[in-house]
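Whole structure, please, built from the sequences with the hints as guidance.
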Amino acid sequence: MADNDSARLDDAARAGWLYYIAGRTQDDIAQILNISRPAAQRLVSLCRSEGLISFHMNHPISTCMELAARLRDRFELLHCDIAPSDGSAETGAAGVAALGGVLIERWLRSRKSLVMALGTGRSMRASIERVPPMSCPLHRLVSLVGTISPDGSASPFDTLVKLAEITRAQYFPMPLPLYVSSPEERAQLIEIEAIRRIRTIASEADLWVMGISQIGEDAVLYRDGFMTRGELLDMVRHGAVGEVTGWVFDAEGRFLDRGTNLRVTSVPPEPGSARRRICIGQGPAKVAPLRAALSGRIVNGLVTDEDTARALLAD
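To convert, note that position 107 of the sequence shown is 107 in UniProt numbering; the numbers rise steadily by one, no gaps.
This list has only true hints and no planted wrong ones.
Label-pair restraints from in silico Cβ distances:
(1) ARG223 with GLY152: 16 to 26 Å
(2) MET134 with ILE190: 31 to 41 Å
(3) ARG168 with TYR20: 20 to 30 Å
(4) ARG37 with GLU252: 42 to 52 Å
(5) GLU90 with ILE190: 36 to 46 Å
(6) ILE192 with GLY272: 20 to 30 Å
(7) ASP151 with ASN34: 47 to 57 Å
(8) ARG310 with PRO132: 27 to 37 Å
(9) ASP5 with GLY216: 45 to 55 Å
Distance condition first, Cα-Cα at most 16 Å in a straight line; then the derived EDC-like pairs of lysine to aspartate or glutamate:
(10) LYS112 with ASP206
(11) LYS162 with GLU105
(12) LYS162 with GLU129
FYI, nobody ran anything at the bench for these hints, they're computed from the structure.
A virtual CB, placed ideally from N, CA and C, is assigned to each residue, including glycine.
If you want it as C-alpha coordinates, here you go:
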(Lines of atoms letter the chains of each structure in order from A and count residues from 1; the text may use other names and numbers.)
(Lines give C-alpha, C1' and ligand atoms only; values in the text may rest on other atoms or scores of the structure.)
Protein backbone atom coordinates (compact mmCIF):
# COMPACT_ATOMS: atom_id res chain seq x y z
CA MET A 1 0.00 0.00 0.00
CA ALA A 2 1.33 3.42 -0.92
CA ASP A 3 2.21 5.83 1.88
CA ASN A 4 -0.58 8.23 0.82
CA ASP A 5 -3.15 5.42 0.94
CA SER A 6 -1.90 4.32 4.36
CA ALA A 7 -2.09 7.87 5.72
CA ARG A 8 -5.61 8.27 4.33
CA LEU A 9 -6.73 5.06 6.05
CA ASP A 10 -5.15 6.33 9.28
CA ASP A 11 -7.21 9.53 8.92
CA ALA A 12 -10.33 7.52 8.11
CA ALA A 13 -9.78 5.28 11.13
CA ARG A 14 -9.33 8.32 13.39
CA ALA A 15 -12.43 10.01 11.96
CA GLY A 16 -14.42 6.79 12.36
CA TRP A 17 -13.29 6.40 15.95
CA LEU A 18 -14.26 9.98 16.76
CA TYR A 19 -17.66 9.56 15.10
CA TYR A 20 -18.74 6.07 16.14
CA ILE A 21 -17.03 5.59 19.51
CA ALA A 22 -16.42 9.08 20.90
CA GLY A 23 -19.76 10.38 19.60
CA ARG A 24 -18.33 13.47 17.88
CA THR A 25 -20.23 15.25 15.12
CA GLN A 26 -18.78 15.70 11.64
CA ASP A 27 -18.31 19.40 12.40
CA ASP A 28 -16.30 18.43 15.50
CA ILE A 29 -14.19 16.03 13.44
CA ALA A 30 -13.50 18.68 10.80
CA GLN A 31 -12.25 21.04 13.49
CA ILE A 32 -10.17 18.38 15.30
CA LEU A 33 -8.50 17.16 12.08
CA ASN A 34 -8.27 20.67 10.60
CA ILE A 35 -10.18 19.73 7.44
CA SER A 36 -13.46 20.79 5.83
CA ARG A 37 -16.77 19.28 6.86
CA PRO A 38 -17.23 17.50 3.48
CA ALA A 39 -13.75 15.99 3.89
CA ALA A 40 -14.68 14.79 7.37
CA GLN A 41 -17.85 13.25 5.98
CA ARG A 42 -15.85 11.45 3.26
CA LEU A 43 -13.41 10.07 5.82
CA VAL A 44 -16.23 8.71 7.99
CA SER A 45 -17.77 7.11 4.89
CA LEU A 46 -14.40 5.65 3.89
CA CYS A 47 -13.96 4.19 7.35
CA ARG A 48 -17.29 2.43 7.00
CA SER A 49 -16.86 1.31 3.37
CA GLU A 50 -13.37 -0.09 3.97
CA GLY A 51 -14.58 -2.10 6.96
CA LEU A 52 -12.21 -0.34 9.34
CA ILE A 53 -14.80 -0.26 12.08
CA SER A 54 -17.57 -2.57 13.22
CA PHE A 55 -18.30 -2.79 16.92
CA HIS A 56 -14.57 -2.36 17.55
CA MET A 57 -11.91 -0.55 15.57
CA ASN A 58 -10.38 -2.92 13.02
CA HIS A 59 -7.62 -0.62 11.72
CA PRO A 60 -4.80 0.21 14.14
CA ILE A 61 -3.95 3.91 14.10
CA SER A 62 -0.23 4.14 13.46
CA THR A 63 0.39 6.91 16.01
CA CYS A 64 -1.20 4.85 18.76
CA MET A 65 0.76 1.78 17.69
CA GLU A 66 4.01 3.75 17.78
CA LEU A 67 3.29 5.10 21.26
CA ALA A 68 2.39 1.62 22.47
CA ALA A 69 5.64 0.22 21.09
CA ARG A 70 7.68 2.95 22.78
CA LEU A 71 5.94 2.33 26.11
CA ARG A 72 6.50 -1.42 25.81
CA ASP A 73 10.21 -0.80 25.21
CA ARG A 74 10.60 1.85 27.91
CA PHE A 75 8.85 -0.09 30.68
CA GLU A 76 9.25 -3.71 29.43
CA LEU A 77 5.49 -4.16 29.19
CA LEU A 78 3.73 -7.41 28.34
CA HIS A 79 0.69 -5.54 27.04
CA CYS A 80 -0.06 -1.99 25.89
CA ASP A 81 -3.11 -0.49 24.16
CA ILE A 82 -3.45 3.21 23.33
CA ALA A 83 -6.73 4.94 22.49
CA PRO A 84 -6.80 8.04 20.24
CA SER A 85 -7.14 11.40 21.99
CA ASP A 86 -8.58 14.73 20.93
CA GLY A 87 -7.51 16.62 24.04
CA SER A 88 -10.76 16.26 26.00
CA ALA A 89 -11.04 14.22 29.19
CA GLU A 90 -14.43 12.86 28.13
CA THR A 91 -13.17 11.44 24.84
CA GLY A 92 -10.04 10.02 26.45
CA ALA A 93 -12.04 8.24 29.14
CA ALA A 94 -14.48 6.83 26.56
CA GLY A 95 -11.67 5.53 24.37
CA VAL A 96 -9.81 3.90 27.25
CA ALA A 97 -13.03 2.29 28.52
CA ALA A 98 -13.66 0.90 25.04
CA LEU A 99 -10.15 -0.59 24.86
CA GLY A 100 -10.45 -1.94 28.40
CA GLY A 101 -13.69 -3.67 27.43
CA VAL A 102 -12.04 -5.17 24.35
CA LEU A 103 -9.16 -6.46 26.47
CA ILE A 104 -11.47 -8.16 28.97
CA GLU A 105 -13.70 -9.58 26.25
CA ARG A 106 -10.73 -10.96 24.30
CA TRP A 107 -9.45 -12.88 27.33
CA LEU A 108 -12.89 -14.22 28.19
CA ARG A 109 -13.36 -15.48 24.62
CA SER A 110 -10.57 -17.99 25.30
CA ARG A 111 -11.66 -21.61 25.16
CA LYS A 112 -9.08 -22.49 27.78
CA SER A 113 -10.22 -22.15 31.38
CA LEU A 114 -8.67 -19.10 33.05
CA VAL A 115 -8.80 -17.02 36.21
CA MET A 116 -9.19 -13.24 35.92
CA ALA A 117 -8.68 -11.08 39.01
CA LEU A 118 -10.32 -7.66 39.12
CA GLY A 119 -9.77 -4.38 40.91
CA THR A 120 -12.45 -1.75 41.39
CA GLY A 121 -12.97 1.89 40.49
CA ARG A 122 -14.54 4.14 37.92
CA SER A 123 -12.26 3.19 35.00
CA MET A 124 -12.77 -0.50 35.69
CA ARG A 125 -16.52 -0.09 35.92
CA ALA A 126 -16.63 1.86 32.65
CA SER A 127 -14.59 -0.83 30.88
CA ILE A 128 -16.78 -3.66 32.08
CA GLU A 129 -19.88 -1.82 30.90
CA ARG A 130 -18.41 -2.16 27.38
CA VAL A 131 -18.21 -5.97 27.56
CA PRO A 132 -21.03 -7.65 25.59
CA PRO A 133 -23.09 -10.49 27.10
CA MET A 134 -21.44 -13.88 26.68
CA SER A 135 -21.40 -17.29 28.30
CA CYS A 136 -18.11 -18.19 30.03
CA PRO A 137 -18.87 -21.03 32.48
CA LEU A 138 -15.30 -22.35 32.32
CA HIS A 139 -13.73 -19.13 33.61
CA ARG A 140 -13.43 -17.85 37.15
CA LEU A 141 -13.53 -14.21 38.25
CA VAL A 142 -12.07 -13.17 41.59
CA SER A 143 -11.93 -9.86 43.41
CA LEU A 144 -8.59 -8.35 44.42
CA VAL A 145 -10.27 -5.81 46.68
CA GLY A 146 -12.72 -5.84 49.56
CA THR A 147 -16.21 -5.02 48.33
CA ILE A 148 -17.55 -3.28 51.46
CA SER A 149 -17.62 0.53 51.67
CA PRO A 150 -16.66 2.45 54.84
CA ASP A 151 -20.33 2.73 55.87
CA GLY A 152 -20.86 -1.02 55.51
CA SER A 153 -22.73 -0.85 52.19
CA ALA A 154 -21.69 -2.58 48.97
CA SER A 155 -19.17 -0.58 46.94
CA PRO A 156 -20.83 1.19 43.98
CA PHE A 157 -17.65 0.65 41.96
CA ASP A 158 -17.37 -3.09 42.52
CA THR A 159 -16.79 -4.69 39.13
CA LEU A 160 -16.88 -8.38 39.91
CA VAL A 161 -20.61 -8.99 40.20
CA LYS A 162 -21.36 -6.84 37.14
CA LEU A 163 -18.95 -8.80 34.95
CA ALA A 164 -20.16 -12.12 36.34
CA GLU A 165 -23.75 -11.19 35.42
CA ILE A 166 -22.65 -10.34 31.87
CA THR A 167 -20.53 -13.45 31.35
CA ARG A 168 -22.13 -16.12 33.58
CA ALA A 169 -18.68 -16.96 34.90
CA GLN A 170 -18.10 -18.38 38.36
CA TYR A 171 -17.05 -15.58 40.71
CA PHE A 172 -15.41 -15.09 44.09
CA PRO A 173 -16.07 -11.75 45.83
CA MET A 174 -13.90 -10.47 48.69
CA PRO A 175 -16.43 -9.91 51.52
CA LEU A 176 -14.26 -7.50 53.50
CA PRO A 177 -13.84 -3.74 53.93
CA LEU A 178 -10.99 -2.27 51.92
CA TYR A 179 -9.38 -1.11 55.18
CA VAL A 180 -10.01 -2.43 58.67
CA SER A 181 -9.40 -0.72 62.00
CA SER A 182 -6.01 -2.18 62.90
CA PRO A 183 -3.17 -4.41 61.65
CA GLU A 184 -4.26 -6.98 64.23
CA GLU A 185 -7.79 -7.12 62.84
CA ARG A 186 -6.42 -7.45 59.33
CA ALA A 187 -4.21 -10.38 60.39
CA GLN A 188 -7.21 -12.16 61.87
CA LEU A 189 -9.55 -11.58 58.93
CA ILE A 190 -7.22 -12.69 56.16
CA GLU A 191 -6.66 -16.00 57.96
CA ILE A 192 -10.36 -16.91 57.78
CA GLU A 193 -10.41 -20.04 55.62
CA ALA A 194 -12.81 -18.73 52.97
CA ILE A 195 -10.86 -15.45 52.66
CA ARG A 196 -7.56 -17.31 52.48
CA ARG A 197 -8.89 -19.42 49.59
CA ILE A 198 -10.08 -16.34 47.67
CA ARG A 199 -6.71 -14.64 48.14
CA THR A 200 -4.92 -17.76 46.90
CA ILE A 201 -7.08 -17.90 43.76
CA ALA A 202 -6.40 -14.21 43.12
CA SER A 203 -2.64 -14.47 43.66
CA GLU A 204 -2.45 -17.30 41.11
CA ALA A 205 -4.74 -15.67 38.53
CA ASP A 206 -3.68 -15.64 34.88
CA LEU A 207 -4.54 -11.96 34.55
CA TRP A 208 -5.07 -9.00 36.86
CA VAL A 209 -7.00 -5.99 35.56
CA MET A 210 -7.11 -2.94 37.83
CA GLY A 211 -7.43 0.80 38.00
CA ILE A 212 -5.06 3.31 39.56
CA SER A 213 -5.55 6.48 41.59
CA GLN A 214 -3.46 9.45 42.59
CA ILE A 215 -2.57 10.29 46.19
CA GLY A 216 -2.76 14.01 46.91
CA GLU A 217 -5.34 16.67 47.66
CA ASP A 218 -7.71 15.09 45.12
CA ALA A 219 -7.11 11.49 46.24
CA VAL A 220 -10.06 9.24 45.41
CA LEU A 221 -9.56 7.21 48.60
CA TYR A 222 -9.93 10.37 50.67
CA ARG A 223 -12.81 11.74 48.60
CA ASP A 224 -14.73 8.46 48.88
CA GLY A 225 -14.19 8.22 52.65
CA PHE A 226 -11.69 5.35 52.78
CA MET A 227 -8.97 7.36 54.56
CA THR A 228 -8.97 10.39 56.83
CA ARG A 229 -7.31 13.68 55.96
CA GLY A 230 -4.68 13.02 58.62
CA GLU A 231 -3.86 9.65 57.06
CA LEU A 232 -3.70 11.20 53.61
CA LEU A 233 -1.34 13.99 54.69
CA ASP A 234 0.91 11.52 56.51
CA MET A 235 1.21 9.35 53.39
CA VAL A 236 1.92 12.40 51.21
CA ARG A 237 4.64 13.56 53.62
CA HIS A 238 6.30 10.19 53.18
CA GLY A 239 6.31 10.41 49.39
CA ALA A 240 3.04 8.74 48.36
CA VAL A 241 1.95 9.42 44.77
CA GLY A 242 -0.56 6.68 43.93
CA GLU A 243 -2.38 3.50 44.81
CA VAL A 244 -3.55 0.28 43.20
CA THR A 245 -6.16 -1.93 44.90
CA GLY A 246 -5.74 0.21 48.02
CA TRP A 247 -1.97 -0.25 48.32
CA VAL A 248 -0.17 3.12 48.41
CA PHE A 249 3.24 3.60 46.77
CA ASP A 250 5.84 6.32 46.25
CA ALA A 251 7.38 7.82 43.11
CA GLU A 252 9.80 4.89 42.81
CA GLY A 253 6.99 2.36 42.88
CA ARG A 254 7.77 1.23 46.44
CA PHE A 255 4.94 0.43 48.84
CA LEU A 256 4.93 2.48 52.02
CA ASP A 257 5.32 0.53 55.25
CA ARG A 258 2.93 2.71 57.20
CA GLY A 259 -0.58 4.17 57.43
CA THR A 260 -3.39 2.47 55.56
CA ASN A 261 -1.01 -0.06 54.00
CA LEU A 262 -0.86 -1.73 57.42
CA ARG A 263 -4.66 -2.18 57.41
CA VAL A 264 -5.50 -2.92 53.79
CA THR A 265 -7.18 -6.27 53.09
CA SER A 266 -6.59 -6.38 49.31
CA VAL A 267 -4.43 -9.06 47.74
CA PRO A 268 -0.85 -7.69 47.81
CA PRO A 269 0.52 -6.63 44.41
CA GLU A 270 3.50 -8.59 43.12
CA PRO A 271 6.10 -6.21 41.64
CA GLY A 272 8.05 -7.98 38.92
CA SER A 273 5.45 -10.74 38.43
CA ALA A 274 5.72 -12.77 35.22
CA ARG A 275 1.92 -12.91 35.02
CA ARG A 276 0.01 -10.10 33.31
CA ARG A 277 -0.82 -7.26 35.69
CA ILE A 278 -2.66 -4.70 33.54
CA CYS A 279 -3.67 -1.21 34.61
CA ILE A 280 -6.47 0.83 33.01
CA GLY A 281 -6.18 4.58 33.48
CA GLN A 282 -5.72 7.94 31.78
CA GLY A 283 -5.62 11.67 32.39
CA PRO A 284 -3.13 14.22 33.79
CA ALA A 285 -3.76 13.21 37.41
CA LYS A 286 -2.82 9.60 36.62
CA VAL A 287 0.54 10.34 34.97
CA ALA A 288 2.66 10.40 38.17
CA PRO A 289 1.09 7.25 39.70
CA LEU A 290 1.24 5.42 36.37
CA ARG A 291 4.90 6.30 35.85
CA ALA A 292 5.71 5.10 39.37
CA ALA A 293 3.73 1.87 38.99
CA LEU A 294 5.37 1.13 35.64
CA SER A 295 8.88 1.99 36.86
CA GLY A 296 8.45 -0.13 39.97
CA ARG A 297 7.05 -3.05 37.93
CA ILE A 298 3.86 -3.02 40.03
CA VAL A 299 2.07 -3.39 36.70
CA ASN A 300 3.40 -4.78 33.43
CA GLY A 301 0.52 -3.85 31.16
CA LEU A 302 -1.28 -0.61 30.36
CA VAL A 303 -4.45 0.64 28.68
CA THR A 304 -4.43 4.42 28.28
CA ASP A 305 -4.85 7.24 25.74
CA GLU A 306 -2.47 9.17 23.47
CA ASP A 307 -2.12 12.22 25.71
CA THR A 308 -1.31 10.15 28.78
CA ALA A 309 1.09 7.96 26.79
CA ARG A 310 3.01 11.01 25.56
CA ALA A 311 3.21 12.39 29.11
CA LEU A 312 4.60 9.06 30.38
CA LEU A 313 7.25 9.08 27.67
CA ALA A 314 8.29 12.71 28.29
CA ASP A 315 11.63 13.11 30.06
